[in-house]
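Undergrad: Starting from the given sequences, assemble the full structure and let the hints guide the process.
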Amino acid sequence: MGNTMTDQTQATGSTGPVPSQKDDSSSAIIRVESMNKWYGDFHVLKDLNLSVRQGERIVICGPSGSGKSTFIRCINRLEEHQQGKIIVDNIELTDDIRHIDTVRREVGMVFQHFNLFPHLTVLENCCLSPIWVRKTPRKEAEEAAMEYLERVKIPDQANKFPGQLSGGQQQRVAIARALCMKPKIMLFDEPTSALDPEMIKEVLDVMIELAGSGMTMLCVTHEMGFAKTVADRVIFMDGGEIVEEAPPHEFFTNPQEPRTQKFLEQILDH
Amino acid sequence: MKKQTVDSRPAGPKPWYDPRIRSLFFQFVAIALVFWGGWTLVDNTLSNMESRGISTGFGFLNETAGFGIIMSLVPYDATMTYGRTFFVGLMNTLLVSAMGIVAATIIGFIIGVARLSSNWLVAKLALVYIEVIRNIPLLLQIFFWYFAVLGSLPSPRQSVEVGGSFFLNNRGLYLPEPITQDGFGLVWGALIVAIVAVVGLRTWAKRRQLATGQIFPTFKVGFAILVILPVLAYLTAGAPLEWDLPALKGFNFGGGITIIPELAALWIALSLYTASFIAEIVRSGILSVSKGQTEAAKALGLPNGLTLRLVVIPQAMRVIIPPLTSQYLNLAKNSSLATAIGYPDLVAVFMGTTLNQTGQAVEVVAITMAVYLTISLTISLFMNIYNRAVAIKER
Amino acid sequence: MAEPMLKPPKVAISPLDWMRQNLFSSWYNSLLTIVVGYMVVTSVGPLFTWLFFEATFLGDEPSDCVGTGACWLFISQRLNFFIYGFYPDEFQWRVDVMFLLLAVCFVPQFIERFPGRKWFGLFGLTGLPVVGYFLIPGGNFGLEIVESSKWGGLMLTLILAYIGIIASLPIGILLALGRRSEMPIIRGICVVFIEVWRAVPLITVLFMASVMLPLFLPDGMNFEKLMRALIGITLWQSAYMAEVIRGGLQAIPRGQYEAADALGLGYWKKTGLIILPQALKMVIPGIVNTFISLFKDTTLVLIIGLFDILGTVQSTVTDPAWQNVAIEGYVFVAFCFWVFCFGISRYSQNLERKLDTGHKT
Ligand SMILES: Nc1ncnc2c1ncn2[C@@H]1O[C@H](COP(=O)(O)OP(=O)(O)OP(=O)(O)O)[C@@H](O)[C@H]1O
Ligand SMILES: [Mg+2]
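Protein chains in written order, with the working numbering: chain A, 1 to 270; chain B, 1 to 395; chain C, 1 to 361.
I should point out that these hints are in silico values taken from the structure, not numbers from a laboratory.
Bear in mind that the values here come from a model prediction, so they are computed numbers and not experimental data.
Idealized CB from N, CA, C, for every residue including glycine.
Hints may contain errors.
If you want the ones that stay clear, here's a sample from chain B, every Cβ over 10 Å from chain A, calculated [stated by the list, open to error]: (1) F35; (2) N44; (3) G57; (4) T81; (5) I179; (6) A197; (7) T212; (8) I268; (9) P303.
Under the rule of at most 20 Å between Cα atoms (straight-line distance), these lysine to any residue pairs were calculated in the SDA-like manner [what the hints assert, rightly or not]: (10) K135/A <-> T307/B; (11) K124/B <-> P15/C; (12) K135/A <-> T218/B; (13) K298/B <-> E106/A; (14) K14/B <-> Y267/C; (15) K139/A <-> A205/B; (16) K124/B <-> W338/C; (17) K135/A <-> F216/B; (18) K249/B <-> Q158/B.
Chain C stretches covered by chain B per the calculated footprint, using a threshold of three residues with CB under 8 Å from any CB of chain B [said to hold, decoys possible]: (19) 180-187; (20) 204-215; (21) 302-316; (22) 324-331.
TA: In structure tokens form, the structure reads like this:
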């Protein structure tokens with residue numbers, strides 16, 4: 001797929017419409033400029049523009065199938081975009097493997113289904129990437145990992161295997177694992193939606209604590225309480241487009257777009 | 001819920017309604033049937049053997065066999081005993097099984113990985129290989145290699161020859177045999193030193209990585225040591241190796257190592273056939289590692305090579321190894337098809353010729369089956385140990 | 001928002017792009033493609049030339065084979081032998097009827113929406129063997145007797161595989177139930193039986209059936225060679241069948257057993273009405289797969305002197321009247337087996353996929 005697409009990306013990227021945020025975006029840690037993505041003929045992401053400042057916390061919500069996951073996965077290039085630009089920490093995501101690897105080192109990701117490595121212990125899960133990618137000495141890596149495990153409140157599980165933990169514990173390990181790489185940005189893709197209600201809180205608590213520490217966060221979630229507490233901006237996506245973008249109090253009290261209003265009605269009913 | 005049925009019964013169940021007594025009764029009947037069946041068989045067999053004048057017991061193992069065997073890994077001639085023929089056959093079975101397992105594993109892994117290749121041509125070719133080979137009976141493939149391919153090779157006088165030292169003809173493949181001279185001990189010594197050095201290097205590299213985080217290219221350097229040290233030793237000792245070249249003597253070749261066509265055909269067919277199953281096992285093992293796992297590894301910044309080595313392969317191997325062992329077992333059992341082309345394996349030599357000459361079917365069949373049973377139980381034992389070790393880790 | 005762009009940047013992929021992506025995506029892929037492609041081209045060409053272009057298809061004498069290609073006359077001239085063995089020409093219609101019935105019963109299984117195909121299949125498993133039992137050997141209804149020593153070729157191969165599977169199914173079910181029984185002695189007997197048979201190669205079983213069975217039986221009672229082979233194959237196969245069925249039994253959720261118990265069903269009713277129907281349905285692909293391997297394994301009977309399809313071919317390729325026809329013979333047999341096995345394995349893969357989705361919903 002790759003080669004042919006890059007030419008296109010660059011060609012349209014430079015001639016495409018210049019987004020308005022461009023002016024203040026020199027300080028932005030993530031810049032997405034008129035980005036488009038297709039699955040075959042299906043247009044999943046339509047002309048997305050977004051710029052995220054260092055330390056900003058953004059919540060993305062929207063109905064199922066609206067392209068939230070796809071969008072967030074484009075930011076560490078688990079998915080390729082075909083038009084427009086994505087610039088993360090001043091590195092543009094292109095086909096260049098070195099750039100992708102550098103970006104991925106700076107961007108941590110937490111998945112809906114945890115994706116812990118079942119053949120490694122919790123501690124090994126956390127140390128794997130620091131040891132092999134950051135080339136940290138084992139002892140240092142383990143010490144750092146223990147610190148993060150303490151931060152997510154499960155240092156006593158360090159030598160267990162993921163299969164032996166509850167869902168909430170696994171997700172907290174996954175957060176600790178991502179943090180062990182000392183990322184500048186954290187991406188969350190519905191981190192609580194595979195969890196039982198009583199476990200959601202323990203994960204959200206960790207995320208709130210993380211937000212308080214000044215981490216740049218992009219978070220796909222339907223936890224509106226979380227959005228109200230920590231988000232600087234809420235982004236509403238529908239049909240592959242960013243429909244509305246507003247600070248949480250405005251977003252929840254005074255949504256502008258009819259589609260947002262409908263979505264909020266539905267979600268708050270439940 | 002269960003109580004309902006109990007309630008509808010009369011108060012004290014009659015003995016034949018009591019499940020425990022029933023169960024005892026059935027088991028008793030089963031044992032009685034087995035013993036009765038076994039006794040009838042033994043009785044029939046004994047009277048049949050008596051009326052046919054077949055002797056019983058394992059004494060025949062010490063009698064002279066009186067027939068030749070075309071290939072043997074241990075010294076053998078016709079004056080030796082049936083016990084010796086058993087041993088020769090067993091060794092030949094183990095030889096072809098071991099050769100087959102090595103080759104089938106290599107080919108199978110290559111084809112299995114090729115099946116997942118991003119190269120369309122390679123992937124499709126691997127698919128064709130798998131679908132063709134595994135849907136054709138093994139015996140037919142053995143016949144094909146033995147009669148059609150190897151059988152149509154030229155006679156010894158018109159051998160296909162490579163460099164005056166390799167000869168291929170319808171009597172087999174002839175290779176030069178290395179004969180070590182004085183001083184070759186140095187090379188062996190160097191090899192041992194090299195192995196020790198590599199093991200040491202590995203430990204050191206690992207320790208250094210744990211301590212400082214630096215990664216040492218153990219594989220490349222280790223490989224270089226393994227090659228260079230023995231070669232240096234070989235040269236310093238003045239190349240103490242001579243080759244016994246095969247040469248045409250009369251109508252046939254003498255000297256060197258001979259791979260008889262029976263062995264070659266069996267080996268090729270067994271390896272190719274089993275490889276097609278192994279390839280499928282490897283493919284599904286790799287595919288069994290979910291996409292989420294590779295994605296998580298990528299998201300952590302692991303490059304592709306490390307993702308494969310640290311995340312995919314360790315998980316795939318747990319899925320691959322159990323069915324792989326059962327393929328090895330199948331290969332060992334299938335090696336008994338040797339009989340059909342006259343490769344002197346256990347079944348051909350022992351269940352074939354020895355049985356025919358002595359007529360002691362019961363003993364011979366029992367011994368042969370016991371051998372296969374032992375092989376298979378040993379392998380399952382290791383398999384269970386392995387599975388348990390893996391299972392504890394999981395949950 | 002900006003103007004909607006509805007078309008992906010590249011709509012249709014040109015063949016050239018396709019090749020670049022799938023064949024020449026990197027330097028080593030290109031190298032691989034070239035090397036492998038060269039090998040394929042250089043081997044497929046001569047292969048096709050030998051198989052078709054230079055081959056002889058017409059004629060009726062060995063001497064008609066003059067080309068450098070394959071001599072298919074060998075096959076067409078001896079086809080009767082390869083299919084029926086020594087079965088007398090005038091009675092071959094009986095075999096043909098069986099072939100036809102077999103096709104009628106099982107071809108519909110490949111057609112998704114064939115009306116009542118389940119009943120055809122069921123007849124194939126129950127009625128067909130009965131018809132065959134009267135038709136092939138003869139001796140009843142005024143049919144002339146044809147001794148089993150005259151049977152051979154493809155027909156014998158099918159008989160061996162078919163009877164082997166059908167007879168081993170009930171034994172396998174009993175063994176599987178026994179292995180899961182709560183009675184330790186019954187379980188022990190079944191485990192030993194299953195594991196012993198599975199550990200030994202089929203050849204030893206066939207040898208045993210042909211040399212030891214006569215010793216086991218009381219004086220004056222004996223079976224023909226074919227019958228002995230069938231007994232050996234059935235016992236051996238039933239052990240494999242038992243393991244396949246046990247897999248199905250294990251996959252049935254505990255709740256089903258408990259629900260049956262709660263209904264007050266006894267062991268046999270519970271097993272027969274609730275557990276087995278579900279388990280058997282689940283293991284149909286497994287049974288089909290064991291059938292495929294048994295089908296291939298039937299070729300081993302030639303070692304104890306029966307003339308299955310490979311046996312008939314093997315015994316004719318050395319016929320001095322025909323020169324160097326071994327490869328043609330083997331290709332023919334390989335083709336027959338391949339068509340059967342590949343077709344059936346595709347069928348079982350389809351079934352597996354369907355059962356998979358069936359369980360998820
Ligand atoms: N690999 C793919 N191939 C084709 N279409 C895809 C693929 N992955 C996702 N899609 C489609 O893209 C659209 C967006 O998917 P995405 O997973 O981003 O939605 P989402 O907003 O995350 O939904 P959810 O809330 O259910 O997770 C969906 O319509 C989906 O069907
Ligand atoms: Mg999603």
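Undergrad: I'd like to know which numbered hints this structure contradicts. Please list them from smallest to largest.
TA: 7 and 9
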